[in-house]
Amino acid sequence: MTIRVLSPGWLTSVQDTGRSGHAAIGAGVAGAMDGAALRLANALVGNSGNAAAVEITLRGPRLRFETDALIALTGATIDARCGAQAIPAWRPVAIGAGGELELGDMRRGARAYLAVAGGIDVAEVLGSRSTDINAALGPFNGRGLVAGDELPIAEMAPERFARLRRALRATSPDRAGESGGVVAAHWSLDPQPWFDLRGDLPVALLRGSHFDRLDAASRQALFTDSFRVGNESNRVGYRLEGPRLNPGEPLELISEGVVPGTVQLPPNGSPIVLMAESPTTGGYPRIGHVASVDLPRLAQRRPGEHVRFVETSLAEAQSRYLQREHALIALTQAIGERLSAA
Amino acid sequence: MSSARIEPLGDSALLVRVGDRIDEETNAAALALAGTLHAARLPGVSDVAPAYASVAVRFDIGAWRAADDQRPAHARLAQRIRELVEALPHEPQTHSTDAANGNDSSAAAAASENRSPANRGDDQIEVPVCYGDAFGPDLDAVAAHAGLDVRDVIARHVQADYRVAMLGFMPGFPYLLGLDATLHAPRRASPRTRVPAGSVAIGGAQTGIYPRELPGGWQLIGRTPLALFDPLRHQPALLRPGQRVRFRRIDADEFEALAR
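Residue numbers (my numbering), protein chains in the order written: chain A, 2 to 343; chain B, 61 to 320.
To be clear, the hints were calculated from the coordinates, so they are not data collected in a lab.
Note that this is a predicted model, so its numbers are computed, not measured.
Ideal Cβ positions, reconstructed from N, Cα and C, are used throughout, including at glycine.
One or more hints might be untrue.
Claimed, not checked - Covered stretches of chain B, going by a simulated chain A footprint (3 or more residues, C-beta under 8 Å):
(1) 77-83
(2) 251-260
Claimed, not checked - Covered by chain B, according to a simulated footprint, are these stretches of chain A (three or more residues, beta-carbon under 8 Å):
(3) 77-89
(4) 286-299
Stated by the list, open to error - What follows is a set of in silico ranges between Cβ atoms, one per label pair, in the way DEER data are often shown:
(5) G128(A) to R142(B): 51 to 57 Å
(6) P246(B) to S189(A): 38 to 44 Å
(7) R308(B) to G270(A): 43 to 49 Å
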């Protein structure tokens, strides 16, 4: 059974939590730019956190469900309709076979996630279902989706779908959640801890190995000035425009490992934050690293929006990361209990 | 190898540096270290990736941060890595720093005995290359820069012994050590938007092979019909860190035959 792509939107791709264990042959992580939103979307449909879902960028696709499905939308605030009915986000929604999901513009943020119960059942490539568009690796030969693509999903037993619909309807006392083949749960997650609704929270940054090579003004500018997300930004890297940072004496660096979050400074003085599709090695000075916990926040900024960095320490960055992990796990369990009660 | 320096690479990775030069001895040490770290199967470590003179280690913060220990996860993992580094032989048995010397008793060969995905130590692999013309549009420019005629450039390129120092930039893109110093050539002033798959290229002192069609600024001297990277193969990357490489000159007919 499949979901058919009627139109792909701006950039839509299949993503999981990323690829591990192949950096030695030059294959990087890829995966969802906002990994927390992906995991919550999966939780809301009863999937494991690393199941493959659909990452939607800036403007959404039009999708036809060829089978009954349980879906959830998280991440960026996006217009979503099925026929006449608006599809609310951050909750499970049952959608009947033949339903056309129309995802439109984003009101806030840059990346939304659409999870489907059972996951997008494409073959793993190097142990992952994530699409590395820059490396042309992963599902659909590593490209974004195009009209006519079919996303394989598990067929849902009719009895299970009927039971799910009844359960979701039961949580929707005014029956407002029901229209046509669509039933949305009455309850939903509060996006606030997981999504920067105003898009102005600072992003925590660690000093990199070559931070000290910056001149004093550049060191200060990095943590006080505001940077604009450049128009060339993509899943590989965010190009930041703002104060030119002076790398001091030209550095003769030999290629070394880089990871998502690494902030490189090319000779032109405009930093690049490597994102999900970061290559595995790089030769530019590494002036900083975005804290892992804040990479999703940065990934939700659009070209033209701004970002400010605030300095953090390893201990603080790791503590915040673990706190978020614990919160994610607790929330996932709570959602699971609610779904299994259904 | 007690001189390894360990530094954070963000909050969930470490960089272990064994030197700061591009040469066989340093790279052999990096590959040996990568082999050791890979074999140690450290908990929560998701990637061990060697480069010219360093090894990047990606890890899960949760696996290395204990609730009763205020130290950052790095400190605990770095300590474990230091223990492993100290257990390695301090000096290789034999030294061979001559990049053109592919002698089996070299430190690099000794290091590559350690079999791991990062370090296979297989026998030398032969890479057929069709040089010049449409296959290597910059061959003339490289010859002019070297003050050699084209035949000498090809002869020198074919005679050298190469070793894969690292893979990076793209899946399956090998950075090779061993390029004859007379063939070092600056990158092109304006990079090409499309470099064909299999292009054998020189960028400064570095030489590599484009695994697929990509933009690139290196000088293209020839092209191999071999597939450098295929994710569906048992070994997706044709060339692996530590592997020895020789180039063999082929003509356009053989290229077409092998490409089929």
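These are the hints, each one checked on the structure:
no. : hint                           : in the structure
1   : 77-83                          : holds (count 4)
2   : 251-260                        : violated (count 0)
3   : 77-89                          : violated (count 0)
4   : 286-299                        : holds (count 5)
5   : G128(A) to R142(B): 51 to 57 Å : violated, 29 Å
6   : P246(B) to S189(A): 38 to 44 Å : violated, 58 Å
7   : R308(B) to G270(A): 43 to 49 Å : holds, 45 Å
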